[in-house]
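Enquirer: Each chain, written out:
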Amino acid sequence: MLFEFSEIKVPDKKSDLFDINTGFELGNMYECLYSSYKKYEPREIKAKNEREMLFLNILKLSFAINDLNLYLDIHPDDEKTYELFKKYCVLYQQCLTEYESKYQVLELFHDIYGKYTWYKGFPWEDKYV
Amino acid sequence: MYKYEKKLPYPISIKKKNLKMAKYMLSQFGGANSELAASLRYFSQKFTMPDDSGEALLNDIANEELGHVEMIATMVKCLTDGATIEEIKENGLGDYYTEHGISLYPVNASGVPFTISYVASSGDVFADLSEDMAAEEKARATYEHLIDLADDEEVIQPLLFLRQREIVHFNRFKELYDKYKTMGL
Numbered sequence: 001m002l003f004e005f006s007e008i009k010v011p012d013k014k015s016d017l018f019d020i021n022t023g024f025e026l027g028n029m030y031e032c033l034y035s036s037y038k039k040y041e042p043r044e045i046k047a048k049n050e051r052e053m054l055f056l057n058i059l060k061l062s063f064a065i066n067d068l069n070l071y072l073d074i075h076p077d078d079e080k081t082y083e084l085f086k087k088y089c090v091l092y093q094q095c096l097t098e099y100e101s102k103y104q105v106l107e108l109f110h111d112i113y114g115k116y117t118w119y120k121g122f123p124w125e126d127k128y129v
Numbered sequence: 130m131y132k133y134e135k136k137l138p139y140p141i142s143i144k145k146k147n148l149k150m151a152k153y154m155l156s157q158f159g160g161a162n163s164e165l166a167a168s169l170r171y172f173s174q175k176f177t178m179p180d181d182s183g184e185a186l187l188n189d190i191a192n193e194e195l196g197h198v199e200m201i202a203t204m205v206k207c208l209t210d211g212a213t214i215e216e217i218k219e220n221g222l223g224d225y226y227t228e229h230g231i232s233l234y235p236v237n238a239s240g241v242p243f244t245i246s247y248v249a250s251s252g253d254v255f256a257d258l259s260e261d262m263a264a265e266e267k268a269r270a271t272y273e274h275l276i277d278l279a280d281d282e283e284v285i286q287p288l289l290f291l292r293q294r295e296i297v298h299f300n301r302f303k304e305l306y307d308k309y310k311t312m313g314l
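Residue numbers (this note's numbering), protein chains in the order written: chain A, 1 to 129; chain B, 130 to 314.
None of these hints come from the bench; they were simulated from the model. We treat Cβ as the ideally placed atom computed from N, Cα and C, and that holds for glycine. A hint or two may mislead.
Stated by the list, open to error - Coverage of chain A stretches by chain B, computed from C-beta distances (three or more under 8 Å per stretch; other residues unrestricted): (1) 27-35; (2) 39-50; (3) 61-71; (4) 98-111; (5) 114-125.
Here chain A stands alone, though its shape is the one from the complex:
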């Protein structure tokens, strides 16, 4: 499933959230908390093939979910953030299932595709990212 994250709109235009690609590259989903260092600029991360793109999407979604999660811990009643959190969780599950069924399982409990593969290396050791 290859989709454009720009299609997912942040629910409130006044929201200070970065889009999912920018947030991941900066290491911060929250514009109001972002602070750069000297003249260093985070670069755009490019995927070289479909496998990498899918894996990167998993990393990006996982990152966004984690960053919203820290905010929600302190603001559990913020419904807009929770709506976005839910959207990312659903997309994460879809990307994960597609990646795991096509390439490699990332969680032990998902190793159900016909042959035991969990013991095999880590994705980054194969230089897929």
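With chain A's structure known, arrange chain B on it following the hints.
Expert: Just chain B now, with coordinates in the frame of chain A:
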């Protein structure tokens, strides 16, 4: 309980060997401001946070930091990959090599082994959260020094990412601290 996921928080694709940089990077694996210290600090403190928000935040950040430990370890592994004994000696890693070879062992850049006394868990929520904020600032400063020392874009980019996480965590801890002060705890 814990469940492992086979992925790093941010991709690492370092292809250039750099033993000096690996030695500096060790500080974020086993130094006073390391990811390991951060993870154990928040994990220990979470049990005495006064409400669900506090316990959840410290738990979630502790877990995230453990992912960062793996990122740092992976970076050190990539930076030392294929090192010869001559290179190890030339780059000041001879002392380290004596007992550890090129395996990962939590020490700081000067070779001082990790100790849990880097971490406080005081039983006082404001003392703990102040310590956490200071720890995030110290880790941010360490990442800035590492970025200053680095010359490979493949090293700088993950360091920028990790530095930014310290800033986010600092702000979340501060938010929690302010919330508890407002509540009059």
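Enquirer: Hints broken by the structure, by number, lowest first?
Expert: Hint check: nothing fails, all pass.
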